[in-house]
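The sequence shown: position 178 = 177 (numbering that gives the first Met the number 0), numbered continuously.
In short, the hints are calculated from the structure, not lab data.
All figures in this text were calculated on a predicted structure; none of them were measured in a lab.
Listed below are the simulated DSSO-like cross-link pairs for lysine-lysine, each with C-alpha atoms no more than 30 Å apart in a straight line: (1) Lys225 with Lys24; (2) Lys45 with Lys209; (3) Lys129 with Lys26; (4) Lys26 with Lys191; (5) Lys329 with Lys383; (6) Lys209 with Lys253; (7) Lys129 with Lys45; (8) Lys123 with Lys24; (9) Lys253 with Lys223; (10) Lys223 with Lys123; (11) Lys209 with Lys188; (12) Lys26 with Lys223; (13) Lys225 with Lys191; (14) Lys223 with Lys209; (15) Lys383 with Lys335; (16) Lys194 with Lys24; (17) Lys194 with Lys209; (18) Lys24 with Lys191; (19) Lys26 with Lys194; (20) Lys209 with Lys383; (21) Lys26 with Lys225; (22) Lys26 with Lys45; (23) Lys209 with Lys399; (24) Lys191 with Lys223; (25) Lys191 with Lys399; (26) Lys399 with Lys383.
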Amino acid sequence: MPLLVMKFGGTSVADLARIRNAAEKVKREVERGYDVIVIVSAMSGKTNELVGWVEQTSPLFDAREYDAVVSSGENVTAGLMALTLQEMDVPARSWQGWQVPIRTTSQHSAARFLEIPRENLDAKFAEGFKVAVVAGFQGVSPEGRITTLGRGGSDTTAVAFAAAFAAERCDIYTDVDGVYTTDPRIASKARKLEKIAYEEMLELASLGAKVLQTRSVELAMRYKVKLRVLSSFEDTDETSGTLVCDEEDIMESKVVSGVAYSRDEAKMTLVTVEDRPGVAAAIFGPLAEAGVNVDMIVQNISEKDYGSHPGSVTDMTFSCPINQVARARKALEDAKAAGSIVYDELVVDTEVAKVSVVGIGMRSHAGVASTMFQALAADGVNIKVIATSEIKISVLIDRKYMELAVQALHDAFALETAN
Numbered sequence: 000m001p002l003l004v005m006k007f008g009g010t011s012v013a014d015l016a017r018i019r020n021a022a023e024k025v026k027r028e029v030e031r032g033y034d035v036i037v038i039v040s041a042m043s044g045k046t047n048e049l050v051g052w053v054e055q056t057s058p059l060f061d062a063r064e065y066d067a068v069v070s071s072g073e074n075v076t077a078g079l080m081a082l083t084l085q086e087m088d089v090p091a092r093s094w095q096g097w098q099v100p101i102r103t104t105s106q107h108s109a110a111r112f113l114e115i116p117r118e119n120l121d122a123k124f125a126e127g128f129k130v131a132v133v134a135g136f137q138g139v140s141p142e143g144r145i146t147t148l149g150r151g152g153s154d155t156t157a158v159a160f161a162a163a164f165a166a167e168r169c170d171i172y173t174d175v176d177g178v179y180t181t182d183p184r185i186a187s188k189a190r191k192l193e194k195i196a197y198e199e200m201l202e203l204a205s206l207g208a209k210v211l212q213t214r215s216v217e218l219a220m221r222y223k224v225k226l227r228v229l230s231s232f233e234d235t236d237e238t239s240g241t242l243v244c245d246e247e248d249i250m251e252s253k254v255v256s257g258v259a260y261s262r263d264e265a266k267m268t269l270v271t272v273e274d275r276p277g278v279a280a281a282i283f284g285p286l287a288e289a290g291v292n293v294d295m296i297v298q299n300i301s302e303k304d305y306g307s308h309p310g311s312v313t314d315m316t317f318s319c320p321i322n323q324v325a326r327a328r329k330a331l332e333d334a335k336a337a338g339s340i341v342y343d344e345l346v347v348d349t350e351v352a353k354v355s356v357v358g359i360g361m362r363s364h365a366g367v368a369s370t371m372f373q374a375l376a377a378d379g380v381n382i383k384v385i386a387t388s389e390i391k392i393s394v395l396i397d398r399k400y401m402e403l404a405v406q407a408l409h410d411a412f413a414l415e416t417a418n
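Take these sequences, add in the hints, and give me the full structure.
In structure tokens:
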């Protein structure tokens with residue numbers, strides 16, 4: 000039988016009525032002739048509640064027990080979904096991660112997949128079961144302990160199962176009806192995309208779009224899993240939603256496919272750092288060890304003398320998530336105290352946002368940067384930092400101009416005409 004993977008997020012299974020709604024969608028696919036693997040998240044808000052209980056019980060918690068607690072929300076949803084399907088006369092069985100088994104690394108709360116053997120689920124399908132409801136977000140370590148994959152891990156679970164079982168497609172049901180050219184709450188002209196390439200979706204996800212978890216897109220691109228994003232709350236058919244697929248499956252791509260943003264950014268500048276070989280490693284090594292996710296990096300070189308820094312010096316600017324500023328500051332101050340780096344001042348700006356344009360068409364079209372910068376300049380938006388890749392241009396700007404910048408760029412690239 001052809002096999003389909005369907006994943007339902009927390010809002011899609013928030014209560015018994017929504018679980019039944021999701022189960023009806025699963026039943027329709029069974030009636031179309033599919034065997035179905037359903038991946039479920041915990042009910043909306045449940046994981047946060049469980050995390051809160053752990054932190055109240057033990058502020059310096061054992062990560063193994065943390066995973067044992069927070070993974071339980073998915074177990075409840077999986078059981079309720081299987082029961083609901085059984086009440087609809089659909090042969091279904093629930094599976095926890097260790098029962099499959101979903102084999103992962105031992106890195107608790109951030110585990111990665113090692114293997115998903117097919118034998119146990121294939122045996123149940125052969126017995127006549129039509130649906131396997133699998134608890135997302137969880138697995139089992141080589142030591143036999145429950146592990147979790149990090150927030151948003153159910154998306155990654157779904158893609159991993161689609162790859163392991165050679166599924167025809169992986170449908171991600173969520174509270175939006177597809178991938179849009181930008182956030183419709185900011186730009187009223189935003190349009191839903193019929194198709195988007197893996198690379199574009201990966202960039203959008205990493206730059207702030209919340210539709211899909213970044214690791215799930217990486218996995219889909221590696222194993223060529225076709226992903227479809229669609230709404231749990233609307234009637235859908237095989238043409239609904241947005242298909243995330245190979246670039247070759249898209250007839251013709253627009254130069255820019257979408258505008259992404261991230262409001263929770265900070266800009267940090269080390270003033271008058273000695274310009275010598277190894278200085279970048281001396282700065283970013285301690286930041287990496289402290290777990291700081293550095294993004295945009297700019298180095299400004301000057302030949303002037305600055306006080307205690309005779310000769311060539313540089314200013315080093317980088318961006319990071321705003322909730323990692325304290326960690327970054329401590330790492331840099333510790334490195335300065337140890338003598339591994341020398342700088343005069345650390346300047347921190349926590350009132351910035353990152354806005355990006357993304358499109359695989361940028362590879363073969365000139366003038367994207369010019370159009371972007373002219374559009375921002377026309378609306379009086381000053382650019383603080385610029386970073387580029389083959390299919391992306393990102394800028395750091397004052398946060399108060401973020402929504403204005405998103406709207407201006409959406410208009411400048413005529414994304415309201417996207418297919």
